[in-house]
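Visitor: Start from the sequences, fold in the hints, and give me the full structure.
Protein chains: 2
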Amino acid sequence: MQKGLVKVWESKQLPSDWFKRQQVDQKATADLEANVKTILNQVKTEGDKALIEFAQKFDKAQLTAATLKASPEEIKDAYTQVTKEQVAAIEFMKQRVSVFQKQLLANTEVKAFNEGIMVQTVLRPIESVGCYVPGGQAAYPSTVVMTALVAKIAGVPRIVVCSPSDAAGKVNPLVLVASDICGVDEVYKVGGAQAIAALAYGTETIAPVRKIVGPGSKYVTMAKVLVSQDVAIDMPAGPSEVLILADQYADARLIAADMISQAEHGTDSVAALITPSAKLAQEVQDNLFKMAASAPRAEKVVDSLSKYGFIIVCTDIDEAVKLTNQFAAEHLEVMANDAQKLSEKLVAGLILIGPNSPVALSDYASGTNHVLPTGGFAQAFSGLSAIDFMRRVSIVECSREALEKVKAQIKVLTDTENLPNHYRAIEARFQK
Amino acid sequence: MQKGLVKVWESKQLPSDWFKRQQVDQKATADLEANVKTILNQVKTEGDKALIEFAQKFDKAQLTAATLKASPEEIKDAYTQVTKEQVAAIEFMKQRVSVFQKQLLANTEVKAFNEGIMVQTVLRPIESVGCYVPGGQAAYPSTVVMTALVAKIAGVPRIVVCSPSDAAGKVNPLVLVASDICGVDEVYKVGGAQAIAALAYGTETIAPVRKIVGPGSKYVTMAKVLVSQDVAIDMPAGPSEVLILADQYADARLIAADMISQAEHGTDSVAALITPSAKLAQEVQDNLFKMAASAPRAEKVVDSLSKYGFIIVCTDIDEAVKLTNQFAAEHLEVMANDAQKLSEKLVAGLILIGPNSPVALSDYASGTNHVLPTGGFAQAFSGLSAIDFMRRVSIVECSREALEKVKAQIKVLTDTENLPNHYRAIEARFQK
Numbered sequence: 025m026q027k028g029l030v031k032v033w034e035s036k037q038l039p040s041d042w043f044k045r046q047q048v049d050q051k052a053t054a055d056l057e058a059n060v061k062t063i064l065n066q067v068k069t070e071g072d073k074a075l076i077e078f079a080q081k082f083d084k085a086q087l088t089a090a091t092l093k094a095s096p097e098e099i100k101d102a103y104t105q106v107t108k109e110q111v112a113a114i115e116f117m118k119q120r121v122s123v124f125q126k127q128l129l130a131n132t133e134v135k136a137f138n139e140g141i142m143v144q145t146v147l148r149p150i151e152s153v154g155c156y157v158p159g160g161q162a163a164y165p166s167t168v169v170m171t172a173l174v175a176k177i178a179g180v181p182r183i184v185v186c187s188p189s190d191a192a193g194k195v196n197p198l199v200l201v202a203s204d205i206c207g208v209d210e211v212y213k214v215g216g217a218q219a220i221a222a223l224a225y226g227t228e229t230i231a232p233v234r235k236i237v238g239p240g241s242k243y244v245t246m247a248k249v250l251v252s253q254d255v256a257i258d259m260p261a262g263p264s265e266v267l268i269l270a271d272q273y274a275d276a277r278l279i280a281a282d283m284i285s286q287a288e289h290g291t292d293s294v295a296a297l298i299t300p301s302a303k304l305a306q307e308v309q310d311n312l313f314k315m316a317a318s319a320p321r322a323e324k325v326v327d328s329l330s331k332y333g334f335i336i337v338c339t340d341i342d343e344a345v346k347l348t349n350q351f352a353a354e355h356l357e358v359m360a361n362d363a364q365k366l367s368e369k370l371v372a373g374l375i376l377i378g379p380n381s382p383v384a385l386s387d388y389a390s391g392t393n394h395v396l397p398t399g400g401f402a403q404a405f406s407g408l409s410a411i412d413f414m415r416r417v418s419i420v421e422c423s424r425e426a427l428e429k430v431k432a433q434i435k436v437l438t439d440t441e442n443l444p445n446h447y448r449a450i451e452a453r454f455q456k
Numbered sequence: 025m026q027k028g029l030v031k032v033w034e035s036k037q038l039p040s041d042w043f044k045r046q047q048v049d050q051k052a053t054a055d056l057e058a059n060v061k062t063i064l065n066q067v068k069t070e071g072d073k074a075l076i077e078f079a080q081k082f083d084k085a086q087l088t089a090a091t092l093k094a095s096p097e098e099i100k101d102a103y104t105q106v107t108k109e110q111v112a113a114i115e116f117m118k119q120r121v122s123v124f125q126k127q128l129l130a131n132t133e134v135k136a137f138n139e140g141i142m143v144q145t146v147l148r149p150i151e152s153v154g155c156y157v158p159g160g161q162a163a164y165p166s167t168v169v170m171t172a173l174v175a176k177i178a179g180v181p182r183i184v185v186c187s188p189s190d191a192a193g194k195v196n197p198l199v200l201v202a203s204d205i206c207g208v209d210e211v212y213k214v215g216g217a218q219a220i221a222a223l224a225y226g227t228e229t230i231a232p233v234r235k236i237v238g239p240g241s242k243y244v245t246m247a248k249v250l251v252s253q254d255v256a257i258d259m260p261a262g263p264s265e266v267l268i269l270a271d272q273y274a275d276a277r278l279i280a281a282d283m284i285s286q287a288e289h290g291t292d293s294v295a296a297l298i299t300p301s302a303k304l305a306q307e308v309q310d311n312l313f314k315m316a317a318s319a320p321r322a323e324k325v326v327d328s329l330s331k332y333g334f335i336i337v338c339t340d341i342d343e344a345v346k347l348t349n350q351f352a353a354e355h356l357e358v359m360a361n362d363a364q365k366l367s368e369k370l371v372a373g374l375i376l377i378g379p380n381s382p383v384a385l386s387d388y389a390s391g392t393n394h395v396l397p398t399g400g401f402a403q404a405f406s407g408l409s410a411i412d413f414m415r416r417v418s419i420v421e422c423s424r425e426a427l428e429k430v431k432a433q434i435k436v437l438t439d440t441e442n443l444p445n446h447y448r449a450i451e452a453r454f455q456k
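Sequences listed follow chains V and S, in order.
Per my numbering, the first sequence starts with residue 25, numbered consecutively.
Per my numbering, the second sequence starts with residue 25, numbered consecutively.
Hints were generated in silico from the structure; no laboratory data involved.
Hints are not guaranteed to be accurate.
Since the list can't tell identical chains apart, any single copy or any two copies may satisfy a pair.
No more than 25 Å apart at the CA atoms, straight line, and that leaves these computed lysine-lysine pairs for DSS-like [unchecked claim]:
#1 K68 with K242
#2 K61 with K51
#3 K61 with K81
#4 K429 with K126
#5 K81 with K194
#6 K84 with K68
#7 K242 with K61
#8 K369 with K36
#9 K369 with K68
#10 K118 with K93
Guide: Structural data, given as structure tokens:
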């Protein structure tokens, strides 16, 4: 096979630990943990003062306790810095996400009588939620839509956004506009691990929240893991990934285009193809080689593809499915014969079917969430949804008659578990 | 007010940090974390050898790699050590839980066309799950039902139970019988933090799992938090709690019985009453004083009540609701006028309505789960359910026509977020 941009493996040559993406550098992790702990502790003990100090250090911004929060004037002003088309596009995304999330919430409540005992399950919104919106290289209004709007649809009464400020002490206007459109209650100019600390433990200016969601750097992710002893988080998050499962009928040009689009996210972003067709693998390599060179941001794309991109050529489609599921990608595109049926067996955060469903569609226009489990976590985690901003509460009401019917069984079980006073509490209902 | 067993507060005297249960002893937590990390690392590096060593050290059991797993003979033998009534009671509990969980899973899948884009959400079982079942003071077959059975109903293909062995190298027969009845695939004689390490990272004998659930000691809980960087867990868990919200019409004798039943769980178990009625508060104190002395396990009950029990007398029912929600108890019993309506405003892991719905009912016979969020986590977490053993996956399929319709909006959004190759991937669908 001709040498190309990405590494090509035949499935039988794959190292046995190929899919262990969590090959953690223990030393680096310990250092990161220690650094983040220092930041968390400083925010815990010094509050706003620490946030102001970190904003100066990391964002080169001069803030005060009074300017940590984006003011109504700043939000109004943000609208003057964005185009009408951008506002309309954010509104479009809002509408798409709303339709899908509302469908997801329909029929989620259950009320039933099980042998005389009324058991009801209701979903209730979490009281307050914090959404982390990364800053830095670009503006991510879509992250606001995918986190804060979804919390709004769930009925969360208090929604907070934290996003790093620029050197002028401002949050990106697109983030402010998206926050306004999505009904965010408070926007703070705080980034990194210090934002997670403020959301978890509160400061003089920022009241703590019950759950923290949203993507971020490795500092943000480590901070989320560390505060998860005290406050709920969505999921551990790592670099974005697309895996494409394709057979000989797929279009190599489209596969290459989707891999390139993934690669522009950052140098550690994974773009990969698993296929039983050696011919397709070669065609994708050829297309990558040709297309990446002329792509916008070519240097970044080429660097990312050559470091993290890969193609695996399998002996047949069954083996391709097996390896796809071992990888458990964040995004999985299926471009193969009978893709819908194949998808029933596949493991991924989000599954995109057919030639006209690229990741760029699901990132912006399908209404599904783009906050998804990465790094193999799709094996056990789900993409963010309105349900993640709610608590599932069971409500039980039993009649005296129904309680009498189950009394004898409860006696056996409480005796078994050495909890005699549990049975006495039942008995008390039948004594005077 | 006459002095009684538990501390009584008038609401206006409550210290402002009364509800901050996470008043963590930083030094003790750091020590615990360091100890647990040592155990996790030893299991990671030494595998079975470490498990055998810890079983000897903590459980006084002589095990080998060959006897770490409960054998089919041991499971068969376990049935000879339990009564017919116990087996029937476990079967009863299995039936109750099954009915409720199956109702919960009905209607959870969504398939819809949103402006030509097919979006489907399906629930799929996690591939493998580990259930921790505590040992020690008593046997907890109900924990097997509440974790492993629920995983089974979700369709999890591989279900593992870890529970500490006794000094004879055996897992409690009731735990083995319950595991057999609930369809558990593997039972290992491993307890404590080392069990969590084995489930998370695997050893020669124990293959790792994708999610770890179940209650445990502070070592188990710390281990779960630490491994949550690498594997999914259910929730942080602390001492069990019951809070009773009652008005002047409630029966003080039943309230006292329920508080005593809670107190027998352990010395750090919280049993509490919040009420607007000073008269009821006094009656409950009187009943506690009288009933606790003659209760089975009286010493433990009295110790627990006097250390962790409390009563708060509020000015009115609205304040009682407010304080109840600040506490966000694991179990909340509502014995008040119009309890059903009141429950709509209440925050708790599980809500029990009326005089005939004590915690002992929900622990064993209502079919609801007794693995519930404690320590105020009910603000953001839900009780364990079949849904927690599943991944929510979205599947998207777009037609060329539908993609063409959303193209322009995607262009604005990808330009906004500086991801030009994302738009190029869309455009590629319309070029040859």
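Visitor: All hints, please: hold or fail.
Guide: Taking the hints in turn, this is what the structure says about them:
1. With identical chains, the CA atoms of K68 and K242 are at most 25 Å apart both within one copy (20 Å) and between copies (23 Å).
2. Taking the closest pair of Cα atoms, K61 and K51 come within 25 Å of each other both inside a single copy (15 Å) and across two copies (14 Å).
3. Taking the shortest alpha-carbon separations for K61 and K81, only the intra-copy value of 17 Å comes in at or below 25 Å, while the best inter-copy value is 32 Å.
4. Taking the closest pair of Cα atoms, K429 and K126 come within 25 Å of each other only across two copies (22 Å); inside a single copy the shortest separation is 40 Å, beyond that limit.
5. Only within a single protomer do K81 and K194 lie at most 25 Å apart by alpha-carbon distance; the minimum there is 15 Å, versus 58 Å between protomers.
6. When the C-alpha separation of K84 and K68 is checked against a cutoff of 25 Å, the pair qualifies only within one copy, where the shortest distance is 22 Å, while the shortest distance between copies is 42 Å.
7. With identical chains, the CA atoms of K242 and K61 are at most 25 Å apart both within one copy (13 Å) and between copies (21 Å).
8. Taking the closest pair of Cα atoms, K369 and K36 come within 25 Å of each other only inside a single copy of the chain (22 Å); across copies the shortest separation is 59 Å, beyond that limit.
9. Proximity of K369 and K68 under a CA criterion of 25 Å is satisfied in neither setting, with 46 Å inside one chain copy and 31 Å between copies.
10. When the C-alpha separation of K118 and K93 is checked against a cutoff of 25 Å, the pair qualifies only within one copy, where the shortest distance is 24 Å, while the shortest distance between copies is 52 Å.
Of the hints listed earlier, the one the structure fails to meet is number 9.
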